[in-house]
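Novice: Read off the chains here:
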Amino acid sequence: MHFKELNHDENKYTVYLDEVSKTFRTYHFFYKDEEKGKRFLLRKKEACAADRVTFGIMHGEIMGLLGPNGAGKTTIVKMVSSLVKPDSGVVYVDGMDVEKKRKQVLSQIGVVLEGTRTSMWPLTPLENLYYYGNLRNIRGKVLKERAKQLLDFIGLSDKKDIEVRRLSRGQKQKLAICIALIADPKIILLDEPTTGLDVQSSRSIKDKILELTREHGRSALVTTHDMHVAQELCDRIGIINKGKLITCKPTSELLEIFSKQIFSVRLDRNLVDGDLNALAPLIKVLNTDFTAEGPTLTIQVPEPYPERSEALYILFDTLHKKKYQIRSIQQKQVNLEYVFLQLTGEKPVFDETKLPEQE
Amino acid sequence: MLGFLLVMKAEIIRGWIVTRRYWFRTLTSLIIGYGMLMILIAGFFYSQPAIEKSINQLDDPTRATNYILGFIIGMFAFGVIGMFTQGIQGMAQTGVLEQLCMSPYGLVTNFLARAVVASISTIIYSALMVYMVVVSVGGKLYFDPIPVVVLLTLSFVNLLGFGFMVGGLVLVFKQIGQLTIIVRMALFALAIFAREEFLQQGWIISAFMHALPITDAAICLKYVLVKGQQPEVGQFVSVFMHPCFYWLCVSCVLWTFIGISLFKVMENYSRYKGTLGIY
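Heads up: the protein sequence lines correspond to chains A and B, in order.
So the first sequence is numbered by the working numbering: it starts at 1 and just counts up by one.
So the second sequence is numbered by the working numbering: it starts at 1001 and just counts up by one.
Chain A regions said to be covered by chain B (calculated; three or more residues, Cβ under 8 Å):
(1) 77–85
(2) 101–108
(3) 124–131
Simulated from the structure, these hints should not be mistaken for laboratory data.
Ideal Cβ positions, reconstructed from N, Cα and C, are used throughout, including at glycine.
Please work from the sequences and hints to get the whole structure.
Specialist: In structure tokens form, the structure reads like this:
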């Protein structure tokens, strides 16, 4: 999918990454290879942080980027905010090429990078907002009013005259969001906004992000490790692993695809190995749970409807021929954690207690 | 220009707030600084006759004042370059550098404004030291305000250009921050020992000396303050006619161009490497 192909629809996206790639190269002197037990004078190492990544963020949308450590989430945020230059591909913000119109792009985005290092700790939240406002060409009455509004909005008005170093981690994070919003950007990029926060602070920040997009029409890109944050917050989720964007779909659609694939079947007795083999390769048994009422198999069927239908026919046919009694069949409602582990190639631990069921 | 002024304003306000809020730290550092200055000045005053006597006994009576003045110029150079090297490292560690990198005014404007603001105290301190030395050596120094202001401004611009170059390197190669202390020390020493005779030792050494950002500035300042712009006693030749002044002007233009260009190249390279704003 190229930007050029989206001409009729290009206003749909406030941020668009077109086949963006980035590989970091590091050089190590006197490098010791632990596996080979050899020492090298100079060793070049490469880490792919983005491999032809293509996605867009629409107006007023919250896009989530999920991925394990080192997957390339922060690099993508930094490429959008022009802190990192892509090796190839183009990043568009509000229709402008980030590399060609850096200054204009920077006035359109607000960035909250990981950690609480954004603000100046000897200053108060209000002074920080005045300082960063000046750096972004906001001044005078406008700056004073906006700083006050932002502190009210985020709930830091009562802390406006307290030095940042005395604030809690959650309050510092809220201030970082205010700093990102001081120039009234259209797009806000949040790198791990709730990491290390308590439940209350995390909830409050999530609410504010939702308010920013739903009520104020801003677009947001959120990177997170926390599946609950992503599931609760994001309209669309991109899963990234080793620099590759594995999928990018609306959250509900992503969950639905996988939910359609997972069933639990309760039988009168356990399936014997020969019968199990008859189900392969279309049906994969993920788990067998033994209860007093009989064994419950958790199975996965393929995604496309024709194959799924075929798989279910085989299942029922096999069970019917071998005289198994079917006591119940349920379709599982999977959560994002399951989807994430499936897509990143990790084997999901199928915890029955975590997955709600649908008859 | 507006961006430069706004960043300057923000920096001045920030500096004032921090100075006022951490008043005890400010006060103690002022007491220590002022105390050291007073000891130095008191030493000059107290031993003025002895100093004068000793100076007059030297083969070249201006040599001592040359060194003292060089020391002050060296301190100035040390401070200006340090703002770029140590400054970048400090800001990278606190995360402020990432925010500056994302300022629409660009990193060069931000650094320029910050350097100017941060230099105010260095300039005041150096000017005060020069004045005190002028007074304490009992008229052994000649203070001509216009050439001094022009030369100090040119020296500052020259050092800023050099600072940008070193700062650009620190943006990419964070580890060389410590190494730059050696460069600062070398400039400090050069400011102390710089004399016109250095430039008469073959064209290679002469060219190298002119290329360094502090040589011509120190020689010109010493020419005004120590020699009273008199190459021979009683013969007045303005510093603006001195060859080193022209070298200083050329050096200013070159270092500013090289410094800012290299800084931009390094900023771009740092973005490519993914190390911009991080330590």
